[in-house]
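Visitor: Below, each chain spelled out in residue letters.
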Amino acid sequence: MAEEHAGQQSHGGGSSFGGGRPSGPGGGPGGRPSGPGGPGGPAKRGKRSFVRKKKVCRFCVDKADFIDYKKAEILAPFIQERGKILPRRMTGTCARHQRWLTVAIKRAQNIALLPFAAEF
Amino acid sequence: MDERQYDLIFICRPDTPEADIDKVIATLESTAAEKGAKIESTAKWGRKRMAYRVQKLREGYFVYMVLKSSHGEVVKELERRLKVADPVIKYLTVRLDEELKRQEKLKRHRDKRAARRPRKTVPALTGATSMPPVSSEPAPVPPSA
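Residue numbers (my numbering), protein chains in the order written: chain A, -6 to 113; chain B, 2 to 146.
For reference, chain A alone in the conformation it holds in the complex (with noise of 0.2 Å):
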């Protein structure tokens, strides 16, 4: 049972691999890619495994082709609390849609709509 389980997981390691490819449905087999022990390896033992929950690039489920830097609210939930912007493997988003959010977060930056840094 628990190994069969643990099969399950590796699998699901391995498609992981795919990435977020913006077409499809589903915005594709998202989850982020597997550390340091590469796909399926350290699930193999019978430690409790739990399901990691997939994550979905959200500008493809809207199907955005365009991220606009005018709608700051859109944007404020992909920066940190000290103004950072987050990493793809904390959101979920996929290549392209973090390559235009960062653009977007950027010019909103420079209008005084996000902040650079959080102020004291």
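Calculated from the structure, these hints are not laboratory results.
Just so we're clear, the structure is a prediction, and the values are computed from it rather than from any experiment.
C-beta: ideal position from N, C-alpha, C; glycine also.
There could be a bad hint or two in this list.
[Said to hold, decoys possible] Capping the alpha-carbon separation at 25 Å, the derived lysine-lysine pairs in DSS-like fashion look like this:
(1) K63/A x K77/B
(2) K99/A x K57/B
(3) K77/B x K39/B
(4) K108/B x K56/A
(5) K39/B x K24/B
(6) K24/B x K99/A
(7) K64/A x K77/A
(8) K77/B x K102/B
(9) K108/B x K57/B
(10) K63/A x K84/B
(11) K102/B x K63/A
(12) K77/A x K57/B
(13) K49/B x K99/A
[As the list claims (entries may be wrong)] Chain A residues, not near chain B, derived (Cβ > 10 Å throughout):
(14) R51
(15) Q73
(16) A88
[Said to hold, decoys possible] Okay, the calculated beta carbon distance ranges per label pair:
(17) S42/B x K46/A: 41 to 47 Å
(18) R81/B x R45/A: 51 to 57 Å
(19) N103/A x E19/B: 41 to 47 Å
(20) A44/B x R45/A: 40 to 46 Å
(21) E112/A x A34/B: 36 to 42 Å
(22) R54/B x D61/A: 22 to 28 Å
(23) H72/B x F43/A: 54 to 60 Å
(24) R54/B x F59/A: 28 to 34 Å
(25) R82/A x V85/B: 44 to 50 Å
(26) Y53/B x S42/A: 28 to 34 Å
Let chain A serve as the given structure and place chain B on it in line with the hints.
Guide: Frame of chain A; chain B shown alone:
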């Protein structure tokens, strides 16, 4: 040559009277017209809190404009005007037409694919006779035991 599109945003001091802001907008419009550009739309976003302090001010009066021009010279002149205008504390010009073009292209592509997809699945379903309506590929692999 293609028409370029710019976004022009500027922020005025929050205590400027409305008349002064209108004056700034008017000068920008006339300058743009002189240079053969056109301001498509102007939107006053009103007083908003800025994300950080600019010239020790926490709030600002935001004005947003869309500019259309066939060359970039206008932007230079407009930015110079904004720099010398007294109530303006911050401004930003962004060229957007290339991104909008890309957006159009992606949208067209998506529409085309969306139009093609149902046509592809319908014959597959009829060909597979009494298969349950699986949404994905026609799945040529029969369920052999």
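Visitor: Confirm or reject each hint.
Guide: Results of checking the hints against the structure:
1. K63/A x K77/B: 22 Å, holds
2. K99/A x K57/B: 21 Å, holds
3. K77/B x K39/B: 15 Å, holds
4. K108/B x K56/A: 9 Å, holds
5. K39/B x K24/B: 17 Å, holds
6. K24/B x K99/A: 30 Å, violated
7. K64/A x K77/A: Holds, at about 17 Å.
8. K77/B x K102/B: 23 Å, holds
9. K108/B x K57/B: Since the Cα atoms of K108/B and K57/B sit roughly 43 Å apart, the hinted pair is violated (cutoff 25 Å).
10. K63/A x K84/B: Given pair K63/A, K84/B holds - Cα atoms ~22 Å apart, limit 25 Å.
11. K102/B x K63/A: 18 Å, holds
12. K77/A x K57/B: 23 Å, holds
13. K49/B x K99/A: 19 Å, holds
14. R51: 17 Å, holds
15. Q73: 14 Å, holds
16. A88: 15 Å, holds
17. S42/B x K46/A: 41 to 47 Å: 42 Å, holds
18. R81/B x R45/A: 51 to 57 Å: Because 54 Å falls inside the window, the suggested range holds.
19. N103/A x E19/B: 41 to 47 Å: Taking Cβ atoms as reference, N103/A and E19/B lie about 26 Å apart, which means the hint is violated.
20. A44/B x R45/A: 40 to 46 Å: 43 Å, holds
21. E112/A x A34/B: 36 to 42 Å: 40 Å, holds
22. R54/B x D61/A: 22 to 28 Å: For R54/B and D61/A the Cβ distance comes to about 25 Å; the hint holds.
23. H72/B x F43/A: 54 to 60 Å: With a Cβ separation near 59 Å, H72/B and F43/A satisfy 54 to 60 Å, so the hint holds.
24. R54/B x F59/A: 28 to 34 Å: 30 Å, holds
25. R82/A x V85/B: 44 to 50 Å: 46 Å, holds
26. Y53/B x S42/A: 28 to 34 Å: 45 Å, violated
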